[in-house]
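One line per chain: the protein sequences are D and W, in this order. Each residue of the first sequence is one higher than the one before, starting from 0 at the first, in numbering that gives the first Met the number 0. Each residue of the second sequence is one higher than the one before, starting from 0 at the first, in numbering that gives the first Met the number 0.
Note that these hints are calculated values from the structure, not bench results. On a predicted model such as this, the values are computed, not experimentally measured, just so you know. Some hints could be false.
[Stated by the list, open to error] Some chain W residues near chain D, calculated using beta-carbon distances under 8 Å:
1. PRO42
2. LYS46
3. MET204
4. ALA301
5. LEU305
[As the list claims (entries may be wrong)] Residues of chain D placed beyond 10 Å of chain W at every Cβ, according to the derived structure:
6. ASN227
7. LEU274
8. THR287
[As the list claims (entries may be wrong)] Only part of the chain W face toward chain D is listed, based on derived beta-carbon distances under 10 Å:
9. THR44
10. GLY45
11. ASP196
12. ARG197
13. GLY199
14. GLN216
15. LYS218
16. PRO222
17. MET266
18. ARG271
19. LEU274
20. LEU277
21. MET278
22. ILE296
We put the beta carbon where it would ideally sit given N, CA and C, even for glycine.
2 protein chains.
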Amino acid sequence: MNIDEIIEGISRKDSRSISRAISIFEDELLADKAEELIRKLYPKTGKAHVIGITGPPGVGKSTMIGRVSGFMAEEGRKPGVLAIDASSPYSRGAFLGNRVRMQESLGEKGIYMRSLTNRGFKGGLSLSALGACKVLDAAGFDPIIVETVGSGQADLDIMSVAHTVAVILAPGLGDEIQAIKAGMMEIGDLFIVNKIDREGAFIAMKEIQDTLALGPQDKWVKPVLGLNSLTGEGFQEFIAELDRHWEYVNTRGDGKARLQGEVALIMESIFRKSLERLMSDEGGAMETLRRVYSREIDPYMAAELLMEYGIHDPARSTRLK
Amino acid sequence: MNIDEIIEGISRKDSRSISRAISIFEDELLADKAEELIRKLYPKTGKAHVIGITGPPGVGKSTMIGRVSGFMAEEGRKPGVLAIDASSPYSRGAFLGNRVRMQESLGEKGIYMRSLTNRGFKGGLSLSALGACKVLDAAGFDPIIVETVGSGQADLDIMSVAHTVAVILAPGLGDEIQAIKAGMMEIGDLFIVNKIDREGAFIAMKEIQDTLALGPQDKWVKPVLGLNSLTGEGFQEFIAELDRHWEYVNTRGDGKARLQGEVALIMESIFRKSLERLMSDEGGAMETLRRVYSREIDPYMAAELLMEYGIHDPARSTRLK
Chain D
0 MNIDEIIEGI SRKDSRSISR AISIFEDELL ADKAEELIRK LYPKTGKAHV
50 IGITGPPGVG KSTMIGRVSG FMAEEGRKPG VLAIDASSPY SRGAFLGNRV
100 RMQESLGEKG IYMRSLTNRG FKGGLSLSAL GACKVLDAAG FDPIIVETVG
150 SGQADLDIMS VAHTVAVILA PGLGDEIQAI KAGMMEIGDL FIVNKIDREG
200 AFIAMKEIQD TLALGPQDKW VKPVLGLNSL TGEGFQEFIA ELDRHWEYVN
250 TRGDGKARLQ GEVALIMESI FRKSLERLMS DEGGAMETLR RVYSREIDPY
300 MAAELLMEYG IHDPARSTRL K
Chain W
0 MNIDEIIEGI SRKDSRSISR AISIFEDELL ADKAEELIRK LYPKTGKAHV
50 IGITGPPGVG KSTMIGRVSG FMAEEGRKPG VLAIDASSPY SRGAFLGNRV
100 RMQESLGEKG IYMRSLTNRG FKGGLSLSAL GACKVLDAAG FDPIIVETVG
150 SGQADLDIMS VAHTVAVILA PGLGDEIQAI KAGMMEIGDL FIVNKIDREG
200 AFIAMKEIQD TLALGPQDKW VKPVLGLNSL TGEGFQEFIA ELDRHWEYVN
250 TRGDGKARLQ GEVALIMESI FRKSLERLMS DEGGAMETLR RVYSREIDPY
300 MAAELLMEYG IHDPARSTRL K
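With the hints as constraints, model all of the structure from the sequences given.
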């Protein structure tokens with residue numbers, strides 16, 4: 000299948016084409032194809048609500064996402080789920096079993112579910128997630144639910160592809176949770192305490208509300224909701240809040256502002272590619288670094304000299320002319 | 000104090016000048032001064048062994064660093080300690096009390112200790128840490144111990160300023176630790192299990208060794224050590240392994256390769272500054288984003304158009320001519 004065939008398949012909602020397209024974003028060696036795919040798909044996109052769901056391990060994200068996408072499918076929506084694995088090569092595979100089971104049970108309800116990983120360079124996974132969202136958007140899925148496992152900066156970065164971010168926590172995760180959840184307070188639009196039947200759940204909700212009150216106050220007051228993935232309690236309210244936030248994003252007239260993140264992500268990927276190229280350059284880079292090492296020049300001068308070589312891909316610049 | 004006075008003070012090991020210099024790196028508004036400081040200090044640096052110490056909350060990093068720097072001071076070395084706070088504005092201050100107590104007790108032994116934070120943009124903290132290391136290096140501190148609290152990508156990124164990275168863990172941190180420590184396996188040169196007297200400590204050491212065996216094998220075989228910060232058990236071996244790794248870094252003839260990270264960090268900071276400028280540009284950026292929003296152009300085209308404006312600071316480019 001070439002890119003045009005894949006794009007034609009995506010328009011028909013052909014699952015083989017969709018899977019093939021998403022796989023392209025997992026392989027750093029196919030970066031040029033990935034770019035071509037995003038560029039060609041772009042005019043067909045822009046309809047889907049992208050919902051990011053993040054939270055530390057052990058809070059029950061996968062089960063919750065299974066339930067919420069199930070309820071949405073029952074309402075006649077066409078949810079697609081992307082589960083992003085930002086874990087290191089050392090722990091890769093740990094979540095796989097769980098994912099396979101989830102994929103099977105969602106597939107029966109007509110919900111598309113796919114895991115996404117990236118063996119490439121730092122920051123590459125955000126771009127892969129962005130690309131996979133464009134594929135599902137062009138295929139007519141709406142909403143697109145993007146789940147990140149884990150709790151690092153990489154997970155938070157990936158959330159920049161979402162219109163709405165729901166942070167999920169659970170009672171009784173211990174003291175470590177204080178540090179882990181730090182970066183999550185900024186990025187969350189909604190906060191969920193899962194396993195609401197457990198001891199400490201209402202205290203956890205109260206703690207989140209208190210922490211939010213310390214932060215900057217926006218026109219959007221961040222709701223804190225309780226869920227029980229076993230009984231389904233709280234899910235209708237959760238879906239209503241997701242819709243209300245999507246409405247909010249679309250009506251406050253700054254949909255364009257959300258694009259800043261998208262374009263910045265792509266600029267970063269172009270920059271990182273150039274950086275890798277410059278740093279691996281046996282000619283200029285090594286000679287420049289030798290001059291820094293001998294203290295002949297300082298590292299700012301080195302950075303400037305290397306950037307003069309061109310942060311653009313030379314092949315790319317000509318395309319603009 | 001102007002920059003030249005500060006630099007003169009640093010050479011005299013004047014603690015007021017050192018503190019003032021490090022504060023410059025904490026304030027994003029002083030980015031130009033920070034650059035000037037790094038450039039002017041650079042010729043006076045390159046002697047100190049920079050040791051990064053990282054690990055999840057609750058493993059006893061601060062106490063361990065207090066002990067190891069104390070032992071080093073007794074041997075006649077001049078350790079400096081930088082404790083980096085990558086936490087969000089929501090949790091800021093949580094670690095402060097602990098830090099103030101640590102600063103007082105180390106100060107009595109002639110050990111310089113300083114906390115470092117950064118209220119600025121993403122990625123800024125790594126550059127601040129780099130700058131603060133240059134200040135301590137120029138002031139004659141050796142080794143420089145850089146501690147990060149927390150466990151996110153930001154913490155791992157900061158470790159790129161270190162020559163040797165020690166990852167510290169403790170027994171009994173629960174399942175979450177599996178996910179948290181993922182990124183740490185790659186960056187660690189040494190692994191420490193603290194609280195070696197606790198139940199499960201030897202199992203934890205064995206688990207780390209098993210996990211390391213799954214990763215790429217290098218000429219440097221990563222040691223796994225046990226420590227007891229209360230009794231001092233294991234500290235002489237820890238210091239010997241730190242020295243052995245520094246020897247290894249210096250003799251394998253690729254000291255220059257370590258500079259790649261340093262220069263790349265500075266290039267990233269220049270890039271991010273340009274990105275912020277381009278994205279906040281009410282003229283070009285907004286018009287370009289509007290064209291993406293209306294699907295007239297795709298985001299790659301937008302990225303290229305914006306980068307044509309110049310990823311360099313125009314004021315900066317002329318300096319090279």
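Results of checking the hints against the structure:
1. PRO42: With a closest approach of 5 Å, the PRO42/W hint holds.
2. LYS46: Because about 11 Å separates LYS46/W from the closest Cβ in chain D, which is outside the 8 Å limit, the hint is violated.
3. MET204: With a minimum Cβ separation of about 16 Å from chain D (threshold 8 Å), the hint on MET204/W is violated.
4. ALA301: Since chain D brings a Cβ to about 5 Å from ALA301/W, closer than 8 Å, the hint holds.
5. LEU305: holds, 7 Å
6. ASN227: holds, 22 Å
7. LEU274: Given a closest Cβ separation of 6 Å, the condition is violated.
8. THR287: Nearest chain W Cβ is 8 Å from THR287/D, so the label is violated.
9. THR44: The hint holds - THR44/W has a Cβ within 10 Å of chain D, the shortest such distance being about 8 Å.
10. GLY45: This interface hint holds because 7 Å falls under the 10 Å limit.
11. ASP196: Violated - the Cβ of ASP196/W stays beyond 10 Å from chain D, reaching only about 21 Å at its closest.
12. ARG197: violated, 16 Å
13. GLY199: violated, 16 Å
14. GLN216: Since the shortest Cβ distance to chain D is 13 Å, the answer is violated.
15. LYS218: violated, 19 Å
16. PRO222: Status violated, d = 17 Å.
17. MET266: holds, 4 Å
18. ARG271: holds, 9 Å
19. LEU274: holds, 6 Å
20. LEU277: At 8 Å from the nearest chain D Cβ, LEU277/W passes the 10 Å test, so the hint holds.
21. MET278: With a closest approach of 5 Å, the MET278/W hint holds.
22. ILE296: holds, 9 Å
The structure is inconsistent with the numbered hints 2, 3, 7, 8, 11, 12, 13, 14, 15, 16, although it conforms to all the rest.
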